[in-house]
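Trainee: All chains, please: the whole structure from these sequences, using the hints.
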Amino acid sequence: MNITLRVWRQAGPDTEGHMETIEVPDVSEHMSFLEMIDVVNDRLTLEGKEPIAIDSDCREGICGTCGVMINRQAHGPVRATVCQLHMRSFDDGETIDVEPWRADAFPVVKDLVVDRSAFDRIIAAGGYISAPTGSAPEAHSTPVKKADADHAFDAATCIACGACVAACPNGSAMLFTAAKVTHLGLLPQGQPERGSRVLNMINQHDEEGFGGCTNIGECTAVCPKGIPFDTISQLNRDMLGALLRGE
Amino acid sequence: MAKKVIMAVSGLIMVGYLLAHMYGNLKAFSGMQAFDEYSHHLRELGEPILPPSGALWIIRVVLLVAVVAHIWAAVLLARRSWTSAGVNRYETRRNRRGIQRTYASFTLRSGGLVIALFVVYHLAHLTWHWIEPGGSSPSPYGRLVAGFSVWWVVALYVIALLAVGFHLRHGVASALYTLGAGTTATARQVIVVLSIVTALVITVGFLLVPFSVLLGVIQ
Chain U
1 MNITLRVWRQ AGPDTEGHME TIEVPDVSEH MSFLEMIDVV NDRLTLEGKE
51 PIAIDSDCRE GICGTCGVMI NRQAHGPVRA TVCQLHMRSF DDGETIDVEP
101 WRADAFPVVK DLVVDRSAFD RIIAAGGYIS APTGSAPEAH STPVKKADAD
151 HAFDAATCIA CGACVAACPN GSAMLFTAAK VTHLGLLPQG QPERGSRVLN
201 MINQHDEEGF GGCTNIGECT AVCPKGIPFD TISQLNRDML GALLRGE
Chain P
1 MAKKVIMAVS GLIMVGYLLA HMYGNLKAFS GMQAFDEYSH HLRELGEPIL
51 PPSGALWIIR VVLLVAVVAH IWAAVLLARR SWTSAGVNRY ETRRNRRGIQ
101 RTYASFTLRS GGLVIALFVV YHLAHLTWHW IEPGGSSPSP YGRLVAGFSV
151 WWVVALYVIA LLAVGFHLRH GVASALYTLG AGTTATARQV IVVLSIVTAL
201 VITVGFLLVP FSVLLGVIQ
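Read top to bottom, the protein sequences are chains U and P. Per our numbering, the first sequence starts with residue 1, numbered consecutively. Per our numbering, the second sequence starts with residue 1, numbered consecutively.
Derived from the structure by calculation, the hints contain no laboratory data. You can take every hint at face value.
Here are the computed lysine to aspartate or glutamate pairs in the EDC-like style, where the Cα-Cα straight-line distance is at most 16 Å:
#1 U/K110 to U/E20
#2 P/K3 to U/D206
#3 U/K110 to U/D55
#4 U/K49 to U/D38
#5 U/K110 to U/E16
#6 P/K3 to U/E207
Some residues of chain U that are not near chain P, with every Cβ distance over 10 Å (derived):
#7 I3
#8 P13
#9 N41
#10 D55
#11 K110
#12 S130
#13 T133
#14 A136
These numbers were taken from a predicted model, which means no experiment stands behind them. Glycine included, every Cβ here is placed at the ideal spot set by N, Cα and C.
Mentor: Structure below.
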């Protein structure tokens, strides 16, 4: 198949960017989107041009490193990461618009690569549990309700790709933050820091310059891991509870 | 985050007020005497514990605080969102309406402005009597019938009520989520239904009276 790419090109963080049109003939429909970009980059390199900068790592949909806006849809038309998106999802002859995640807290580094270290700082603010180290405790000594375990696991599947922020009309990272708050808050090991965790993480979220959540749900529609919308309510509930208890 | 809680609480106070206001309006179907008595009774509400018009003034102050807080929080949150997301953030023209968001979710800011302007006009008409379309009358019922006999008064009312309907379709659910409701998928479905029902009840409930006047059911 033949496609036309319109890609965001930006040489560095402080330079002006623009959309560049690149004709891409002879694309196999079995290629992943990233493999297609690899082919484009090979051709650009052979022509002596600068290849398109794009982040990727595991290429099996579990690390959250790749991620771009494709036709203004985070990760493109399939609910999976860009490495798991295949060219058969597009039409022969289609023009595909590719842009980086856009948010004040995600500055563009180069082309399609953005700096997502704001996420790391949100996690560092409270996305952990404090437990004494040593040999692993007997699993049966801390029973967890099946429903809680399932719900916590749903939330724990977040890979921090940033699609929620890119899709959010407010540039909010609420789904990302809520996933971690729900994951740890529903488990017994997360209880001691449950109140301080949510407050610290939300404070860091706001400090990083992410917007406020307006409960529109665009984030959940594009999340490759299907993090449920109800985690955001759980975050709000935990936060109000912590504030009312004066934590 | 505090601003969102203020937004949610002040919004829900106004929804409560709208329901009471709508109930009062529907008294128009009981005739002139019932409506005027109800209107007069609002001023005596709470007497003799409260002074004349005391309860009315408490409602007015609470409402005014809610309106000011709601607008203040909305302006700050909107400005923050424009900084965080950027105004023209993506170059592509495709999928500009998002992936699954409701039409109502687009109307919160513009619709809120429409509602605010309407409220000023509405007070100027029926509370302050600065304007008297359709002619003046000593009776509240008379002013209502005279006003709604004018087509453009009804048209403005319809525009405002549609804005209110969309505002509530998204706003009621959003407020409840912000206050921590909807922590399961089922609870969220219940909240969505609740917000649709609230929007429909308030929009239809308020529109019954003007259309009844226009069609001659209320004279």
